[in-house]
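Asker: Start from the sequences, fold in the hints, and give me the full structure.
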Amino acid sequence: MSTPIKRALFYASVVLLALAAPLLAPAFKTQMAFLWVMIVFALSWDILGGQMGYNSFGNILFFGVGMYACAVVQRDSGLDYFPALYVGMVTGAMVAVGFAAVLGSGMLGLRGHYFAIGTLGLGIAAGEFASGWDYIGAGSGLLTPLFPGEIGGRETFFYYLMFAIAAITFPVLRWLYAGRFGLTINAIRDDEDKAEAMGIHTTLYKTAAWCTSAFFLGLTGAVVGNMIGFIDPRDVAFTGATYGVWMILMAILGGKGTLWGPVIGAVVFHVTQQLFWTYLLGWQRVALGLLIVIIVVFFPLGILGWARERWPERFGHKVQQDLKPVHGGK
Amino acid sequence: MGILEVKGVRKTFGGVIANSDISLSVPEGKIIGLIGPNGSGKTTLFNSIVGYHPIDGGSIRFLAREISRLRVPQIARLGLIRTFQQTRIYGKMTCLQNMQISVPQTQQRWRLVMNKIPAEDTERAEGLLEFVGLYAKRHLFAGDLSFGQQKLLEFAMALMIQPKMLLLDEPTAGINPTLINALISRLRRVNTELGITLLVIEHNMRVIMDLAEYIYCLAHGELLAEGKPETIQNDQRVIDAYLGAH
Chain P
1 MSTPIKRALF YASVVLLALA APLLAPAFKT QMAFLWVMIV FALSWDILGG QMGYNSFGNI
61 LFFGVGMYAC AVVQRDSGLD YFPALYVGMV TGAMVAVGFA AVLGSGMLGL RGHYFAIGTL
121 GLGIAAGEFA SGWDYIGAGS GLLTPLFPGE IGGRETFFYY LMFAIAAITF PVLRWLYAGR
181 FGLTINAIRD DEDKAEAMGI HTTLYKTAAW CTSAFFLGLT GAVVGNMIGF IDPRDVAFTG
241 ATYGVWMILM AILGGKGTLW GPVIGAVVFH VTQQLFWTYL LGWQRVALGL LIVIIVVFFP
301 LGILGWARER WPERFGHKVQ QDLKPVHGGK
Chain C
1 MGILEVKGVR KTFGGVIANS DISLSVPEGK IIGLIGPNGS GKTTLFNSIV GYHPIDGGSI
61 RFLAREISRL RVPQIARLGL IRTFQQTRIY GKMTCLQNMQ ISVPQTQQRW RLVMNKIPAE
121 DTERAEGLLE FVGLYAKRHL FAGDLSFGQQ KLLEFAMALM IQPKMLLLDE PTAGINPTLI
181 NALISRLRRV NTELGITLLV IEHNMRVIMD LAEYIYCLAH GELLAEGKPE TIQNDQRVID
241 AYLGAH
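In the order they appear, the protein sequences are chains P and C.
For what it's worth, the numbering used here labels the leading residue of the first sequence as 1, then goes sequentially.
For what it's worth, the numbering used here labels the leading residue of the second sequence as 1, then goes sequentially.
Because the hints were derived from the structure by calculation, they are not lab data.
For every residue, glycine included, the Cβ atom is placed at its ideal position computed from N, Cα and C.
The reader is advised that the hints may include incorrect statements.
Reference listing, derived: stretches of chain C covered by chain P, where coverage requires no fewer than 3 residues with Cβ under 8 Å from a Cβ of chain P [claimed, not checked]:
# : region
1 : 78-92
2 : 99-106
3 : 115-121
Answerer: This is the structure in C-alpha cells:
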C-alpha cells in the first residue's frame, strides 16, 4: 500500500475509534473528554514551546480567559442554551486571541528565560485579578448554566464537542507547520537574530503563533468551564500549577517540536495519571512527580524525539549525503 | 553617489570609541574591501550599517535613503543583507529548508504565508545550493555541516534573498585554501552576473587585494587609509597598523 493510502486509513481508524469510544466505554466519557482537552493543551503549547522555541508558562491565561468570556456570554446574552454556548465559545476564543495579540507585542520581545519567567507571572496575575473582580463572581466563582438534555446526554455531548475541537486543532497545525509559517517559526527557534537579519517579520510571526495557540486554548477553556459546571478563578480557570504545568510536561514527554509528540505525550500522561489516581490513591502526586523526574532525566527529547534520534531515516531525515548523480547539474 | 554612503559615523560603547568619524562610499555594482587589524571597528561598522545598534552620530544612506534609524529587518527588506563572522544558520532545519525560508519578505509573500513552499522557490534554492557545492547535502541538518560548509550555506542563503548589496564579514575565514579560490570566483560571478554590490571584511590579504577594486582600512576605530589595492599595499601607515607600530 502506498503511504497516502496508509495514512488515510490510519486517520480514518483513529476517527472511527474516537467516535465509537463513548459507546464502547460509557463509564469513562468524562475522562475521555479530558483526554482530548489534554491533547489540545499539549498541541497548542507546542506551537510556541516546541516549534518556535519560546517556553511559555502562561498559556493557561488564554484557557481561563476563554472560560470566563464564554460563561459571561452564557449568563448575560439571554439566548437559549446551545446558541449561547456556541456564541460563548467563539467569543471565548476571540477574547483569548485578543489577549495574545496585545500581550504578545510586549512579552514576545523577551527572549529565553526572560520570556519564561515573564509568562509565569501572567497566569498568576490573572488568577489574582479574577478572584477580585465582582463582575465575574470574584473569589466565589461563576456557575455555568445547566445542561438541558437528558441524564447522561451531557457527558456524551461534551465528549463529542471536545473531540471536534481536537480534530480541528491537529489538521490546522499540521497544515500550518507544512508551509512557510512552520518554517519561519522554526527559523525563529534556531536563530532569531539571523531571521531578523534576513528580513523576516519576526514580531508578526511570533504574535500570530501565540494567537493561534490562544485561539484553541480559548475554545477549550469555554468547553471545560461547562464540563465542570463551576468556574473557580484559581482552581478551575487559571490553574497554573496543574493544567499550566501539565501542558508543558505532556509536550516534552511526547517530544516537543514534532507534530505527533504532543499527542503521544498527552495520551501517555493522561492514561498514567488516571491509573495513578485509581491504583495509587494518596500517592498519586508523588508518582506524578517521579514520572516528571524520569522524563527529564532519561528522555530529555521526549518519546518521539528519542525515536527520531535513534532512527532518523524513518522520520525522513538524512544523515548521509546523497551520492546519486546530481539532477540538472550545471 | 554610491549605493551605500556612510558619513561621519560615530559609535561608542561606554568609554570605548569603536568608530569615530568614519566615512565611506560604495558605488553600485562594485566590490569594496574593508580591512584593519583585530579590534579596529570593522564589525561594529557593519553592525551600525545593518541597524543592529543605533549610531551616536553621522549618517548612513542606502539607495539615497537614510537608514540609520531603521531596524534590522526593515533594512534587510530594502535589499541590504549581511552575513556573520561566526556563521549563523538554522541548525535544526535541513539545508534546503534554510534556503526555502530565505526568500525576499515582500508584502505579497506575507499574504501567502499559509501556503506551501512554491516549487519555483525550491528550484531556485537547489540551483543556488549547487552553485556553492552543497546540493548533495541539501537534506542534511544545517547544524551537522562543517564550519566552512555552513559559511557557504550562509552565503547561498544571502543570495536566495536576492539582495541589492551584500555585506560579507570574513567570508573566507575557516574555509580551506582550495575552497577559497572557488569562493573568490563565485563572489566575482555574483558581482558580475547578478549585479550584487559587495562590501567585504577580510583578513586574508591575498584574497582582498585580488577581489576588491577599492579598499578602506580602519585602525583604532578611525579610517586610516583608502585607495586602490596597490596603493593600500604600499601605504606605510597600513603596514605599521598591521605590524603593531602604533
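Asker: Each of the hints needs a verdict: does it hold here or not?
Answerer: Hint by hint, here is what the structure shows:
1. Under a criterion of three residues with beta carbons nearer than 8 Å to beta carbons of chain P, the stated coverage of the region 78-92 of chain C is upheld, 8 such residues being counted.
2. For the region 99-106 of chain C, the stated coverage by chain P is satisfied: 5 residues place a CB nearer than 8 Å to a CB of that chain, which reaches the threshold of 3.
3. Counting residues of the region 115-121 of chain C whose C-beta sits closer than 8 Å to any C-beta of chain P gives 3, which meets the bar of three, so the coverage hint holds.
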